[in-house]
Each structure stands twice: as C-alpha cells, then as structure tokens.
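Q: Here is what each chain is made of, one letter per residue.
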Amino acid sequence: MAADLSAPALAQQQTAKLVLLGEQAAGKSSLVLRYVKGQFFDYQASTVGAAFLTKTIPELNIKFEIWDTAGQERYHSLAPMYYRGAAAAIIVYDITSTDSFNRAKAWVRELQRQGSPNMIMALAGNKADLESARAVATEEAQAYANEAGLFFLETSAKTAANVNELFAEIARKLPKAEAAPRQPQGGIVLDSAPAQAPKKSACCA
Amino acid sequence: MASGETGVFDLYGFELTVTPQDKADRYVCAQYAQRREAKWEPFVKAQALPDARRLKRFVRKGVPPVLRGWVWWHTSGAAAFRERYGHGHYASMVAAGEERPCVRQIDLDLPRTFPRNAWVSSPDGVAALRRVLLAYCAHNPGVGYCQGMNFLAALLLLAVEKDDERCFWLLVALLEGILYPKTYAPNLDGCHVEMRVLGQLLATKAPKLSRHLNSIGCEASMFATDWFLVLFATTLPSETAARVWDCLFLEGPKVVFRVGVALLEMHAPLLMRKDNAGEVLKALKDACARVHNRDALMAAAFQGVGSFPMARIRELRARHQREVDDMLAARAAAKRKGSLRSAISQAQAMRASGTSGGGAA
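Protein chains in written order, with full-length UniProt numbering: chain A, 1 to 205; chain B, 1 to 361.
Note that these hints are calculated values from the structure, not bench results.
A couple of the hints might just be wrong.
[Stated by the list, open to error] Calculated cross-link-like contacts (lysine-lysine; reagent style DSSO-like; alpha-carbon spacing at most 30 Å):
1. Lys176/A - Lys282/B
2. Lys37/A - Lys282/B
3. Lys105/A - Lys162/B
4. Lys282/B - Lys158/A
5. Lys335/B - Lys173/A
6. Lys282/B - Lys63/A
7. Lys285/B - Lys158/A
Using the sequences and the hints, build the whole thing.
A: This is the structure we're talking about:
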C-alpha cells in the first residue's frame with residue numbers, strides 16, 4: 001500500500017444526486033439495496049413516496065445521494081421533485097416485461113425534456129437472471145440506448161450481476177467536480193465541509 | 001443506525017428491533033392499555049358505544065385492540081356505507097374485480113406487502129388482501145388500485161381480526177367519507193393538496209423547523225407522501241399506527257395533520273442538524289419507525305401542538321387545490337407539447353435516414 005500522500009488533494013469529495021425511475025416492480029429498490037447494502041429479498045416492499053440512500057465510492061471520491069422512487073403511474077406527479085437537479089438517472093425496466101420497457105422509454109423522453117441538461121442517463125434491464133422469461137431482447141434495448149444516447153447494461157439485483165458496474169460507470173461519466181459550479185439545489189455540489197482549504201501552492205506563484 | 005434486540009414481535013406480528021428504552025416504552029404503554037380496557041367493559045356489555053363526548057376522550061386514550069373491529073365499524077361510518085350499498089355488495093364486487101385491469105398491479109404488489117409479516121404473506125393473508133383490493137377496484141373504478149392501499153388494507157385486516165368484508169367497508173369509509181377527496185386519484189391530486197397544507201401548518205406551528213426545511217429545499221411532499229397515502233401504516237410501528245387510526249376514524253383527517261406536526265416537532269432537534277432533503281427523509285423515516293411510545297405521541301399530537309381549527313384547514317385546502325390543479329394542468333400541457341415535438345423530430349429523423357417505421361415492432 002502506498003503512503004497516504006494524496007489525502008489533502010482528495011479533501012473535496014464530489015456529491016452526485018442520482019434518481020431511479022421505472023415501472024412498478026421493475027426492481028428499483030432491489031437494485032439500490034443490492035448496491036448500497038449488498039442485500040436482496042425475493043419480495044421487496046413496494047415503495048410509497050420515495051427512499052433515500054447514500055453510498056461513497058472511495059476510489060473515485062464520489063458520494064452518491066440516491067433517490068429511489070415509487071413506480072406506479074399515478075406517482076408520476078411526484079417524480080419531478082426527485083429528478084429535479086439530479087446529476088444522473090437510472091431508468092429501470094424488467095427484461096421480462098415489454099410494458100416496463102415502454103415505460104422506460106417514456107421516462108427517457110421526459111428526462112430529456114425536463115431533466116438537467118447534462119444529466120447522465122443509464123438504462124438498466126433488470127431481472128437478467130430470468131432469462132427463460134425474457135420479453136425484451138438485449139439487442140433491441142441496446143439499439144434503443146444507442147439511439148437515445150444512454151448508457152445501457154442488463155443487471156440482476158438477485159445475483160448482483162452488473163450492479164456495481166452500473167453505478168461505477170455512472171460515476172466515471174460524471175463531469176469532474178472542478179467543472180461543475182456549486183448549485184443551490186441537488187446537482188453536483190462540492191462537499192460543504194472540505195477537510196482543508198487547499199492552500200495556494202508555492203510552486204506555481 | 002439504532003441497534004437493539006431482535007426477535008420481538010408486536011401485537012400484529014411485525015418483528016421489531018428494540019432498544020432497552022423501546023422495551024420500557026412498550027411495557028408502559030401495554031400497562032396503560034390494560035387499565036383502559038377495563039373502562040370499556042360496561043359498554044361492551046351493553047353493546048353500545050359511550051356517548052359522543054366520552055367517546056372522544058376514550059378513543060384518544062386508545063381503543064383496546066380486541067375492540068377495534070367493533071369500534072371502528074361504527075365510528076368510521078363503515079356500517080352506514082354497508083347499509084347504503086347492501087349486504088351482497090362486497091361479494092359481488094370481489095367477483096367483478098377479477099375483470100378489472102388493475103388485477104395485474106394488485107397481483108404484483110400482493111407479495112410486496114409487508115413481506116416479512118407472517119400472516120400477511122401467508123396464503124390466507126394474500127387471499128384476503130386480494131379480495132379486498134379487487135373489490136375496491138370494482139367498487140370505485142375511477143380510483144381503482146393505488147400503491148399504498150395494499151399496506152392500508154393489510155394493516156386494517158390485521159387490526160380487525162382478518163375479517164376481509166369489514167376491512168373493505170373501512171377502506172370505503174376512509175376513501176369516500178373521511179379522507180380529503182381524490183387523495184388516491186390517478187394524479188394523487190388530493191395527496192398533493194394535503195402535503196402542501198401540512199407544509200403551511202408546520203410554518204405556523206414550528207416556524208424555525210419550517211424555515212430550516214425550506215432553506216435546504218425540503219418540501220413536505222418529500223417526506224409526507226406515505227403519511228397521507230398509507231396513514232402511517234408503513235411509517236410508524238403498527239401498534240402506534242393503529243392508535244392513530246383510533247382517532248382518525250372518529251375525528252377525521254385533522255388527526256393526520258396533528259400527528260404529522262407532532263412527529264416533526266418531536267424530532268426537530270435531529271432534523272435541524274440535517275443539511276439536505278434526503279438526509280431529512282432518511283432520519284425522519286428511521287425515527288418514526290421507532291416511535292413505540294404511542295401515549296407520548298398522542299399527547300404531543302393532541303395537547304402539544306395546540307389547536308387546529310377545521311376552518312383554517314378548509315381554507316388552506318381550497319387555496320392549495322387551485323395551485324395543484326394549475327400545476328397538474330401545466331405539466332399535462334408540457335407533456336402534450338413535448339410528445340408532439342418528439343414525434344415530429346422522430347419522423348424527421350426517420351425521413352432523413354430513409355427508414356420507415358422501425359423501432360418497436
């Protein structure tokens with residue numbers, strides 16, 4: 001292990017607001033629970049309103065603030081409150097349901113219209129472990145994702161396949177903290193308590 | 001977060017994680033409930049509820065769990081709804097529900113309703129819950145099935161000794177007699193209104209907390225959705241939620257505002273330390289899940305937060321109803337405009353690339 005020389009430079013942690021959207025029972029909460037806590041339940045209680053979880057990726061010095069939302073169509077009217085100012089969104093569908101795929105497309109359209117202009121969008125085809133019940137072909141989803149400019153992965157909250165990869169890829173795609181000015185609401189903000197104010201270095205006076 | 005002893009089950013079969021303090025609170029509340037139960041005895045013998053004034057006092061002190069089915073049946077108006085629709089209505093609605101489009105959504109949510117409660121997830125529990133939700137769908141097709149009703153109906157079932165017809169009529173009484181209209185409507189219009197009203201009430205009752213929440217962009221809508229849609233069934237420990245329902249059935253939705261403000265005030269020191277909306281939501285959820293001292297909560301809700309004149313609530317509702325109507329109309333218009341625009345650009349792109357149709361086959 002290298003000595004901890006880089007600590008002062010890492011003092012400013014990047015915080016990124018991320019929102020999960022998608023149809024009822026597509027597996028939004030399960031994906032988050034798998035990613036944040038490494039847990040999975042065959043039956044996850046349906047989400048009423050929203051849940052909030054955080055996870056830090058130390059290697060990338062990013063803290064995700066994750067908003068997990070309710071999926072039923074009628075909760076749609078609450079969604080703007082959660083995706084407003086988000087730096088990233090994961091739109092989840094269930095590979096065994098074409099309805100959920102169509103719903104995902106509708107979410108993408110809405111975010112392209114109403115979301116933050118530079119929002120990173122990922123499309124996640126969840127329940128990839130249920131191959132025998134598949135209703136949405138990987139190629140079809142990939143083609144759609146290419147066309148819409150989304151990052152796409154098939155995931156399984158149950159087996160954990162591609163779950164870490166999904167979030168890590170989003171983290172890598174986020175614009176770096178220096179480039180993003182502090183915003184009053186959500187978005188990418190610098191941690192409000194930097195450990196040490198970076199002193200003006202003597203070498204580049 | 002708070003760790004504690006596991007393997008403790010509450011009255012309705014929910015597993016709890018309790019600290020020594022929670023255990024002590026639960027013990028004191030159980031003792032008090034036992035003393036209260038004795039006071040109800042003469043009324044049970046006479047098969048008649050106390051007179052209105054005494055009833056309110058009795059109910060605020062908690063309906064004995066074994067009497068909830070009986071007391072709620074009368075205080076909620078459920079009995080009157082059944083008289084109005086007739087005794088065969090429930091059975092015919094259960095059958096009609098099978099034909100409704102919401103069957104699919106209900107079936108998706110049945111195993112996702114209190115999945116760790118032994119009875120609710122048992123074949124009997126699932127079947128009873130399914131009947132209630134299907135029947136409601138058929139009974140009120142305009143509302144149909146709204147996520148959240150599953151939790152509401154499940155806790156009702158547990159509290160009324162698993163009698164699904166009684167549960168159905170209580171649900172009808174809540175949605176059609178007690179709660180603000182359109183709370184569960186396809187846009188959750190009524191729920192939006194109630195959440196905004198809560199925000200306004202908080203500004204008067206706890207101005208410092210309200211200012212703090214506003215300053216970090218935390219609207220009541222971010223943490224109170226389940227309060228109005230599930231009436232605390234997924235928010236508070238089940239015995240505490242049932243205690244709130246005792247009053248809700250008798251006194252109406254004002255109780256939700258009282259309890260909501262009380263919960264926020266009780267946890268104000270904790271919430272004042274949070275500097276973003278997500279952390280507020282998380283802290284409040286964790287804190288609410290541990291409100292085992294239901295006597296203290298009810299005291300805070302009814303004595304602690306002062307008066308809540310219904311006239312004021314009505315006035316706030318009227319104002320916010322207009323705002324919510326405007327907001328939803330504006331969004332619908334933006335959506336129409338947006339989909340038109342995207343259809344045009346899609347058609348242009350297709351023409352440019354020389355493809356026809358394509359996309360989803």
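Q: Take the C-alpha atoms of Lys105/A and Lys162/B, compute the straight-line distance between them, and say whether it is at most 30 Å.
A: Given that 30 Å is the threshold and the Cα spacing comes to 41 Å, the pair is violated.
Q: CA of Lys282/B to CA of Lys63/A, is that 30 Å or under?
A: 16 Å, holds
Q: So if I understand the rule, the pair passes when the alpha-carbon distance is 30 Å or less; does Lys282/B with Lys158/A pass?
A: At roughly 24 Å apart (the allowed maximum being 30 Å), Lys158/A and Lys282/B satisfy the hint.
Q: Just to be careful, I want the Cα atoms of Lys285/B and Lys158/A compared with a cutoff of 30 Å; is the pair within it?
A: 25 Å, holds
Q: Compare the distance between the alpha carbons of Lys37/A and Lys282/B with 30 Å, and conclude whether the hinted pair is satisfied.
A: 15 Å, holds
Q: Run the distance test for Lys335/B versus Lys173/A: straight-line Cα separation, threshold 30 Å.
A: Holds: Lys335/B and Lys173/A sit about 28 Å apart, inside 30 Å.
Q: Is the hinted pair Lys176/A and Lys282/B satisfied, with a Cα-Cα distance of at most 30 Å?
A: The hint holds at about 27 Å.
Violated hints amount to a single one, hint 3; each of the other numbered hints is respected by the structure.
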